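Given the structure of chain A, go ahead and fit chain B onto it with the hints provided.
Number of protein chains: 2
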Amino acid sequence: MRAIIATPDAGPGYRPDEVPDPVAGPSQVLIAVEHVSVNHGEVRYARAFPAGTMLGHDAVGRVLRAATTGTGPRVGAWVIALGAGAWAHRMAVDVGAVAEIPGGMDVAELAVLPTVGVTALRALRSTGPLRGRRVLVTGASGGVGRIAVQLASSQGAEVIAVVGSASRADGLASLGAKEVVVGIDAIAGEVDVVVETVGGVVLPAAWRLLSPGGVLHSIGWASGEPATFPVNSTFAPGAARSLRSFGDVASPGADLACLLGLVRDGALRVPVGWRGSWRHLDEAAAALLGRRVAGKVLLDVD
Amino acid sequence: MRAIIATPDAGPGYRPDEVPDPVAGPSQVLIAVEHVSVNHGEVRYARAFPAGTMLGHDAVGRVLRAATTGTGPRVGAWVIALGAGAWAHRMAVDVGAVAEIPGGMDVAELAVLPTVGVTALRALRSTGPLRGRRVLVTGASGGVGRIAVQLASSQGAEVIAVVGSASRADGLASLGAKEVVVGIDAIAGEVDVVVETVGGVVLPAAWRLLSPGGVLHSIGWASGEPATFPVNSTFAPGAARSLRSFGDVASPGADLACLLGLVRDGALRVPVGWRGSWRHLDEAAAALLGRRVAGKVLLDVD
Numbered sequence: 319m320r321a322i323i324a325t326p327d328a329g330p331g332y333r334p335d336e337v338p339d340p341v342a343g344p345s346q347v348l349i350a351v352e353h354v355s356v357n358h359g360e361v362r363y364a365r366a367f368p369a370g371t372m373l374g375h376d377a378v379g380r381v382l383r384a385a386t387t388g389t390g391p392r393v394g395a396w397v398i399a400l401g402a403g404a405w406a407h408r409m410a411v412d413v414g415a416v417a418e419i420p421g422g423m424d425v426a427e428l429a430v431l432p433t434v435g436v437t438a439l440r441a442l443r444s445t446g447p448l449r450g451r452r453v454l455v456t457g458a459s460g461g462v463g464r465i466a467v468q469l470a471s472s473q474g475a476e477v478i479a480v481v482g483s484a485s486r487a488d489g490l491a492s493l494g495a496k497e498v499v500v501g502i503d504a505i506a507g508e509v510d511v512v513v514e515t516v517g518g519v520v521l522p523a524a525w526r527l528l529s530p531g532g533v534l535h536s537i538g539w540a541s542g543e544p545a546t547f548p549v550n551s552t553f554a555p556g557a558a559r560s561l562r563s564f565g566d567v568a569s570p571g572a573d574l575a576c577l578l579g580l581v582r583d584g585a586l587r588v589p590v591g592w593r594g595s596w597r598h599l600d601e602a603a604a605a606l607l608g609r610r611v612a613g614k615v616l617l618d619v620d
Numbered sequence: 319m320r321a322i323i324a325t326p327d328a329g330p331g332y333r334p335d336e337v338p339d340p341v342a343g344p345s346q347v348l349i350a351v352e353h354v355s356v357n358h359g360e361v362r363y364a365r366a367f368p369a370g371t372m373l374g375h376d377a378v379g380r381v382l383r384a385a386t387t388g389t390g391p392r393v394g395a396w397v398i399a400l401g402a403g404a405w406a407h408r409m410a411v412d413v414g415a416v417a418e419i420p421g422g423m424d425v426a427e428l429a430v431l432p433t434v435g436v437t438a439l440r441a442l443r444s445t446g447p448l449r450g451r452r453v454l455v456t457g458a459s460g461g462v463g464r465i466a467v468q469l470a471s472s473q474g475a476e477v478i479a480v481v482g483s484a485s486r487a488d489g490l491a492s493l494g495a496k497e498v499v500v501g502i503d504a505i506a507g508e509v510d511v512v513v514e515t516v517g518g519v520v521l522p523a524a525w526r527l528l529s530p531g532g533v534l535h536s537i538g539w540a541s542g543e544p545a546t547f548p549v550n551s552t553f554a555p556g557a558a559r560s561l562r563s564f565g566d567v568a569s570p571g572a573d574l575a576c577l578l579g580l581v582r583d584g585a586l587r588v589p590v591g592w593r594g595s596w597r598h599l600d601e602a603a604a605a606l607l608g609r610r611v612a613g614k615v616l617l618d619v620d
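If you read the protein sequences in the order shown, they are chains A and B. Numbering-wise (my numbering), the first sequence opens with residue 319 and increments by one. Numbering-wise (my numbering), the second sequence opens with residue 319 and increments by one.
This is chain A alone, in the form it adopts within the complex (with noise of 0.2 Å):
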């Protein structure tokens, strides 16, 4: 089959490839895949896989073959699926880690939701409750970002959506922020909770607005630049800030149903920002890399 594998070496660092069909485990489906949407550090970090890893992580199907546990979806069911080796014809996932898609939706786009979707419900999860909580969501024009804006805010915070330029700004208002502020440097008081996707300088300069007791969720790094925490900034009156890391994306299921049926509902707008052929990676990550790219990048398997 054909797959989009890693080569350190070479390229951009991956390239489409003729490999080995994958054999799925007895507790694994076999999928079809259709749909596969592009995440940031998926192109700026391809070189750090070794040679030969089938990159991609978010993928839409239809399953060719059912687990023989006899859990999880039938074979023919449409399903969104996040694990390794997405960016291929055919993608071999635990049933723990797929959602099957309800009929009469839309199926292309639920591509680009499992990493972000998932990454964004848990992060904000893990803060507790949030209406009436003030939640800044930097880079909030890229992918994850719109998503945080919108979870967010359908839970009662008040969204502060933060972006590089003025025209990364369009739509958000729409999605929920309450304030849209260009640089992060333009933000007036504190905030409880932050949904931080840019690292680099963007990342202590949010610490820095976090209120006693706030929590700032590092779930990206679109940069590309090292933080630098100034002498003493954890240090600060009141109850303790929190920065926690991200890196549990494990048993996913549950949460991608919990995402289709919010865009469903209509609760939760998809952030398609770049469609087109697989065929066409290279201009979509260059896009991507180059903050063309308002939301997410769906790749169209032919």
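These are computed hints drawn from the structure, not numbers from a lab. Just so we're clear, the structure is a prediction, and the values are computed from it rather than from any experiment. Backbone N, C-alpha and C fix where the C-beta goes; we use that ideal spot for every residue, glycine too. Hints may be right or wrong, so weigh each one.
To be verified - A few chain B residues that face chain A, going by a derived Cβ cut-off under 8 Å, partial list only:
(1) F547
(2) P548
(3) V549
(4) L561
Claimed, not checked - Calculated Cβ distances over 10 Å to all of chain B for the following chain A residues:
(5) L348
(6) T386
(7) G414
(8) G474
(9) E476
(10) G494
(11) V500
(12) E508
(13) A572
(14) E601
(15) R610
Positioned in the frame of chain A, the structure of chain B alone reads:
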């Protein structure tokens, strides 16, 4: 009365001077201060305080006037106190920020406990049960480090003490450290909890050692250097890691009493590394900032 006040534009940033006696509010006690201690930041950043600010936070003395609310220690009682303006012949402090010293204790050395004791106690308490957990203490030869080593090991943790040089490792094993390591790069394996007192390059190095779900308490910054986190250093597989700031020494009375009980029962040794008259604060500060004090600086207020 005599007190040590901030002088942002002169000398080391502080000097002894004659100032009016403090006036205790209705829920405060007035203390005749006998012994005080010096915390790193109090001398390193003395210039950050407005001119005339009475410095110091940790005191032991006798109650000259009880609170008019009828609560708190009686006149003549020996107390330990955590509050602003400790480096003075008289200190007015909330009854909720003092604890009466049980009879039979050597009162002088207790003056080193308030800030470092409450800070370490509260950081470790917020982590949850410590039995069987691997706890890393950085800057372990300093005052807060020596307290943290003891509090963690006596609660069943496996404590790794990190020091900057071999000459600073003395005595840490006898305080309960299972391993004493020179330089954080020498540590193998993951740790569940970090008590981080150094900042600078040590902070991100310690962060990198955290296990999934681990917690780093940033409660000191003795290096005086900024801390640079590499790109993507907040992502790692597994449950979220947390960095927690420290800023809350509010209402420390009950925790001061807890610390006194531990000392009385032989469960906590008070880490006095330098003792002299408060007239020699300059000399003590130079030793502290030059990392020549193994533990805390204790000053006698004569």
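Results of checking the hints against the structure:
no.: 1; hint: F547; in the structure: holds, 5 Å
no.: 2; hint: P548; in the structure: holds, 5 Å
no.: 3; hint: V549; in the structure: holds, 6 Å
no.: 4; hint: L561; in the structure: holds, 4 Å
no.: 5; hint: L348; in the structure: holds, 25 Å
no.: 6; hint: T386; in the structure: holds, 27 Å
no.: 7; hint: G414; in the structure: holds, 16 Å
no.: 8; hint: G474; in the structure: holds, 23 Å
no.: 9; hint: E476; in the structure: holds, 23 Å
no.: 10; hint: G494; in the structure: holds, 25 Å
no.: 11; hint: V500; in the structure: holds, 24 Å
no.: 12; hint: E508; in the structure: holds, 13 Å
no.: 13; hint: A572; in the structure: holds, 17 Å
no.: 14; hint: E601; in the structure: holds, 24 Å
no.: 15; hint: R610; in the structure: holds, 21 Å
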